[in-house]
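Start from the sequences, fold in the hints, and give me the full structure.
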Amino acid sequence: MSSPRTLFEKLWDEHVVAQPNGPRTLLYIDLHLVHEVTSPQAFDGLRENGRRVRRPERTVATVDHNVPTTPGHLPILDEIAARQIDALRQNCREFEIRLYDIDAAEQGIVHVIGPELGLTQPGMTIVCGDSHTSTHGAFGALAFGIGTSEVEHVLATQCLPHNKPRKMQILANGSVPHGVAAKDLVLAIIGQIGTDGATGYAIEYAGEAVRGLSMEGRMTLCNMSIEAGARAGMVAPDETTFAYLKGRRFAPQGADWEPAVARWKKLPSDAGAHYDRIVHIDASRLAPFVTWGTNPGMVVPVTGKVPDPAHAVTEADRLASQRALEYMGLAAGTRIEDIRIDRVFIGSCTNSRLEDLRAAAKVVKGYRVDPKVRAMVVPGSQNVKKLAEEEGLDRIFREAGFDWRESGCSMCLGMNPDILQPGERCASTSNRNFEGRQGRGGRTHLVSPMMAAAAAVTGHFTDIRGWRFH
Amino acid sequence: MQPFRVHKGLAIPLDRANVDTDQIVPKQFLKRIERTGFGKFLFHDWRYTPDGEPNPEFILNHSRYQGASVLIAAKNFGCGSSREHAPWALVDYGIRIIIAPSFADIFAHNSFKNGLLTVTLPDPEIYKLMRRAREVEGYHVTVDLEAGHVYDDMGFHAAFEFDDHKRRCLLEGLDEIGLTLEQEEAITAYEKRHFGR
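Protein chains in written order, with numbering that gives the first Met the number 0: chain A, 0 to 469; chain B, 0 to 196.
Among the hints, a few may not be true.
[As the list claims (entries may be wrong)] Covered stretches of chain B (in silico footprint by chain A; criterion: 3 or more residues with CB under 8 Å from a CB of chain A, positions within the stretch not fixed):
| no. | stretch |
| --- | --- |
| 1 | 17-23 |
| 2 | 26-38 |
| 3 | 61-70 |
| 4 | 74-82 |
| 5 | 109-116 |
| 6 | 185-192 |
[Said to hold, decoys possible] Just some of the chain A residues that point at chain B, by a computed CB distance under 7 Å:
| no. | residue |
| --- | --- |
| 7 | Q83 |
| 8 | D129 |
| 9 | S130 |
| 10 | T147 |
| 11 | S148 |
| 12 | C158 |
| 13 | T194 |
| 14 | F433 |
[Stated by the list, open to error] Below, a sample of chain A positions facing chain B; criterion: calculated Cβ distance under 7 Å:
| no. | residue |
| --- | --- |
| 15 | V16 |
| 16 | Y27 |
| 17 | M414 |
Just so you know, the hints here were simulated from the structure itself, not pulled from any lab data. Built from N, CA and C at the ideal position, the CB exists for glycine as well.
Structural data, given as structure tokens:
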């Protein structure tokens, strides 16, 4: 009898092709997602070396980072961005890769469309030239971000040499209170373990609070694993996973469905399986969180205050906090609810799915956006946009004064025209509050969709737990 | 891959924790489809004022550090996005080695792929290097990858750990894709076993 294994170990073992170089394992990659920003140099590399794409049918491309989100995604005024998108088109044509282009019904943020189309499935290895590839781990897949050289490697060989990470379990016990979202859970985790707390680990999220999350919530959770330093985060598949996948376009169909589910049911970690580190979180005590600084670990509950750098544990932390406060234009001791904002961004691979938009719309319904605030909603995909419009969510947002946009990464990283102006302060549902992330001099506060919606209405951070819903 | 054996170079200290790849090369420069020419965008928003002038406060602009090729950095260097543009910018600028207490995982992988050596040393050693690079004009550091040693001309000496396979790849300038392609038989066998073709 073999020893008990974790979900991660099962995924890893299943994909070992060879182990030719010491601890470096050659892993087979089931699904390779490609976008316009991190792929052009990889395709050039293939051409320079006369190599082909080994498995075009396991490779799927879309455009998301650069695309304008103005109606119809057009025009692309930025010539360099247009050239990059054109390069992807040509590369996909030349190497016979499926591309969901700007005008396709399937277009969207790569980490939104993979799950939505049923391409992402339990038991798979999934890579993409994007650090938020960890999102797909929500399905019980081993999914991680890679650089452009690795993109080239996977295109050429459908394999990736990788050293085995250590195993971390994050056990979130208790149920998440009303008004607290998956985003708050993951911000709490990063606040607790730090932005490098999981470097070198693959995280498995478990416990009652995680089991209770929808697939959208699990995706939000896994999405931000990289913000704690982990390349991969995952949740064991269960009935929630199977219910989400059933009937999706590329999920197993008909007679193939039951055997697939039977296989997936074997993936959860065995009782007694070993983890190198276990982190406990009491989810029942969580509050909505707001970041105050320039990395996602700089976070406090909405009822809290901007911390005083003088209380930092180490000198390095003190300097970092002080620098962050200067950049953010905040004084220590300021109540989070007293911080006024200029912009609201609801979107990104973290929080742009239908459930996120529903949660935000419920808050906004019957209210108007504060006259001093500019707010926008950027659905994660064309499909999310369509479904939201069928439910009338777009009308709720528009009537309140939100911009309702086409799908893309948009102001999460501001590669397209959606950026903050210097000094502007934004309540954002995205994943990174780094300096200049949303535009040079822009000040980003990470929050859940509900918290972003409430801030849009009141003009400052507002505890959603006391909200009067219409 | 550019081979790496021994390098001696001018050291520049960057004493900030959690330097993320958005700082190393901001997003507006990721739209280019080339691999080269990113050096002028390195640390862009710190290095240049909003009107495009060199920011005299930022250490990269200090005259005594011109030509630096060894970056002494703080913990969790390279966190954030997977953009390989970050090591491309560092290499294009002339950096050959980064020495820090810790690195973000994807950044370290990307650096390795570009022959940019990431050396991990404990905090006290980093502190010494950081101080010398600040206080001693023209301070040079040598890294010998084969031996796994970092040293200077003032008596500093430290050993560092490095993955054997990666060391071999760097020393010999091996192409990892080429190495994987040598496993063609194993890959085909895997595909047959799992997908029946």
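Each hint, compared with the structure:
no.: 1; hint: 17-23; result: holds (count 4)
no.: 2; hint: 26-38; result: holds (count 8)
no.: 3; hint: 61-70; result: violated (count 0)
no.: 4; hint: 74-82; result: holds (count 7)
no.: 5; hint: 109-116; result: holds (count 3)
no.: 6; hint: 185-192; result: holds (count 4)
no.: 7; hint: Q83; result: 5 Å, holds
no.: 8; hint: D129; result: 6 Å, holds
no.: 9; hint: S130; result: 4 Å, holds
no.: 10; hint: T147; result: 4 Å, holds
no.: 11; hint: S148; result: 4 Å, holds
no.: 12; hint: C158; result: 6 Å, holds
no.: 13; hint: T194; result: 6 Å, holds
no.: 14; hint: F433; result: 4 Å, holds
no.: 15; hint: V16; result: 5 Å, holds
no.: 16; hint: Y27; result: 5 Å, holds
no.: 17; hint: M414; result: 5 Å, holds
In summary, the one numbered hint that this structure violates is 3.
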